[in-house]
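Student: The task is simple: from the sequences and hints, build the whole structure.
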Amino acid sequence: MISNQAEERSGGDAVLTSLLRGSGGVSLLLREVALLPVLVLLIIVGAVVSPAFLTVSNFAGIGQQSSALGVVVVGESLILLIGGMDLSLESTYGLAPMVAAWLIVPVTAFGSGTDLSPYLGILVLIAVGAAIGLINGLLIVKGRLNGFIVTLGMTIVLAGLQNGIVKAQTLFNLPGPFGYLGSASVGQLPVSLIVAVVIFVMVGLFLRYHKTGRAIYAIGGNPAAARAAGIKVERVKIGVYVAGSILAAIGGLMEAGRVSAVTGQQGYQEGIIFNVFAAAVIGGVSLKGGRGNMIGAASGVILLGIVQDILDLANVSNYWIEAIDGAVILFALFLARIVGGESTAED
Amino acid sequence: MTSSAPVLVEMTGVEKRFGTTRALRGVDLSLSAGQCLGLVGRNGAGKSTIVSVLSGLLDPDAGQVRLGGAPAPRAGDIARWREWIATVFQHSMIAPDLTVAENVFLGNTAAIVSWRDLRARTRDIMRDWGFDIPADALCRDLPVEQLQIVEIARALARGARCVLLDEPTAALERDAVRRLFERVRQLTEGGVAVLYISHHLEEVFEICQQVVVLRDGERVLGAATSELSRDDLIAAMVGGAPTATPGTRRSSSSASSGAGTPVLTVTGLTSQSPAGRLRGVSLDVKAGEVVGITGLLSAGVATLGRVVAGAEPRAGGEVRLHGRTFPSGRTVPSGRRAAAQRLGIGYIPEDRRAEGFVAHLGVAENATMTITGRLADRLGFLTPASRAAAAAPLSTRLSLVSSGPAQPAGELSGGNQQKVTVARTLAHDPALIVAITPTRGVDVASKALLLDSLADVARAGGTGQDAAGVLLCSDELSDLVICDRVIVLVRGEIFAEFTDPPFDRDELIIATEGLSSTADGQEAAE
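Top to bottom, those sequences are chains D and X.
Heads up, the first sequence is in our numbering, so the first residue is 1 and it goes up one at a time.
Heads up, the second sequence is in our numbering, so the first residue is 348 and it goes up one at a time.
Take these hints with a grain of salt, some might be off.
Said to hold, decoys possible - According to the in silico footprint, chain X covers these stretches of chain D (three or more CB under 8 Å from chain X):
1) 219–233
2) 319–331
Unchecked claim - A few chain X residues that don't get close to chain D, going by computed Cβ distances all over 10 Å:
3) Ala482
4) Glu520
5) Gly586
6) Arg626
7) Arg684
8) Glu702
9) Ala723
10) Leu726
11) Glu823
As the list claims (entries may be wrong) - Once the Cα atoms are required to be at most 20 Å apart in a straight line, the calculated SDA-like pairs of lysine to any residue come out as:
12) D:Lys232 x X:Phe728
13) D:Lys232 x X:Ile718
14) D:Lys288 x X:Ala706
15) D:Lys288 x X:Gly757
16) D:Lys142 x X:Ala685
17) D:Lys142 x X:Pro680
18) D:Lys232 x X:Ala685
19) D:Lys232 x X:Pro660
20) D:Lys232 x X:Gly720
21) D:Lys142 x X:Ser681
22) D:Lys232 x X:Leu726
Hints are computed from structural coordinates only; laboratory data are not their basis.
Just so it is clear, CB atoms sit at the ideal spot from N, CA and C, and this is done for glycine as well.
Tutor: So, in structure tokens, the structure goes:
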């Protein structure tokens, strides 16, 4: 029944799209919100499952839980757009806040003893992200190594460092400024959500209207043609790996603030990279590069957030929640493929 | 045509639409055993659509296709189509890491493969049809024209007695073309029907008994080649009086070449490129001059262009560009395309699909890809409207046909895609344009237009500014008519230079083969 509705919707969209083909802007917008019917469907399902679903506090909760993931998805989407892939974002998401917190908290709380100011700690976090991205970028672009295997290796190295520097301890007692981004709220609105939305909008505008943003699409679509047109392909690619890792580090900072701690599990052992890829791909970002945008990526993140929330509200047994979670994501991928039409197909 | 030979393939009243475009409007076509039928037409005339229909990839909207007298299977039922017709596409369908025998029987073996049997059957096919390709050679090691023979052998192995050759000579040298034609003659003598699709009209006259001309999806002419002249064919393709062959007026302007200052000086250029080495090439190009570089496929013609444009590193030597603000010249860094472009070198690459455009980005975005920096504001932002405005005059100038600036370049016909690539190059007002085989796979009328636009740039500059130089690297002799000078490369070295247009076609051919000519127009270089 669910898939029938989606198919009807997709037929309608196709007709609308062809009707509006002449006016590029409108058809473009229509393609970008291809996931809207699925989101509407999920909201209906959520409302049926639990009366607590359609409340401001629940949506604020979804927003806060999804922002950290969302920021990482922005980073991964940028890397996917240039035709790359980065599995190590999940480890950067854990290691960068770990290094920063380790330098900040006192020795008694398993810190390094430097007692760094939390503001400097945030700079360190960004520097760690940038350094990881630079190493990945240099190895992949200059060293011409396969991105999949480089970042897979990097994932494990970084996750090992994350546990190694604190001997698998969890760092609590994060100072206020360090945790602010992930924990504070303006009224009902979580600061992390506001920041995530700002990042989505800014990166979205950058991709659409900035010459480097356009170069990213050109490189992902056809790197040889981009190079022949005088685009500095290598420089842009390395820059994108750096930007992606910085965004992953910021996502990690949000998560650390939200749970008021940096655990050894954060990132790699939580396996967030599957959700990162799933959100991007559900949102229509192609794994082959050159296709996708921030509206799609954002709808992918929102979709995953709502699914998680519905599973929580439905009191699904803890033993089964992962299996159901994975199955729902696969199903969402399938729906997104139907609704999004050929533009989301991978062949 | 005599009615004695059985008709193998017959299309009657075939119609095909794509959106609002009528790609085929009631086309009739029939192909008999032992016949070689030429199919010609400009880009977008419907040739590719016919190939798709006859390859079983597309169903016609109306009309009928009959194979051996019975209605054809539905599109997509590839196995049944292959029993009748096989297509050798422009892009090779050979698995390079398999042997000839495996490729001949690809997808056509029993569940358990008997290698000995496969090789024996391949040898039989090769012997029966007079081909001489060893069954256990690795396809990666074979030249392009032998791979085409392997594809033809694959078709014959399935019992197909009709072969579609789609631009088979596009990637072939002259000798290879001759060898391919011998094979095609052997096929037709053995009763195979061949549909031969080509932009090269001489080839059609040489090998086809009959020719069909398409224009805007309609069959406008079908006749025996012996009853037609080249001009008749062009007239049918273009739909009016034959266009003047491009560049015939070029010789009059050659006076300007002596006066111009050099824009490019190349000294002692060497390269180890596997596509063709360079061994100490020195030359210069003056402002307002079109210099042609030609030679055999492996002579280094394309390599020279790529190295000068910075698309490929050089092993040694120097490339200097002289610009308005740096008359004494600046060294172009090796293998750095972006730097070369900033200095003022425009680049029209050899393979437009691979390097010429980004398929799913719009026409305007592709055409302005070289000038995003100029179109952007101080922070680097630019709008689709500014791109469309910048692309519009270029589109007009090149008669680029598209449904609008946002249409993905990948949807255009081959000729229009090439115009996008040329527009992208003209956009940044280069002091020097390096064009490598700019008219390959382009129809006759677009060819003239593209060559004229390059000649115009040499005379008047990109957008009416100073005259630019053009380095035209091409193994298609018909491109060279716009040149003021032609330099012939043999095995990576300058072998001869022709300075007096119009150039004699035969002399050029003799020179590319590395043979000395007794003609006066030639002088040994250095």
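Student: Looking back at the numbered hints, which does the structure fail to meet, lowest number first?
Tutor: 2, 7, 8, 9 and 10
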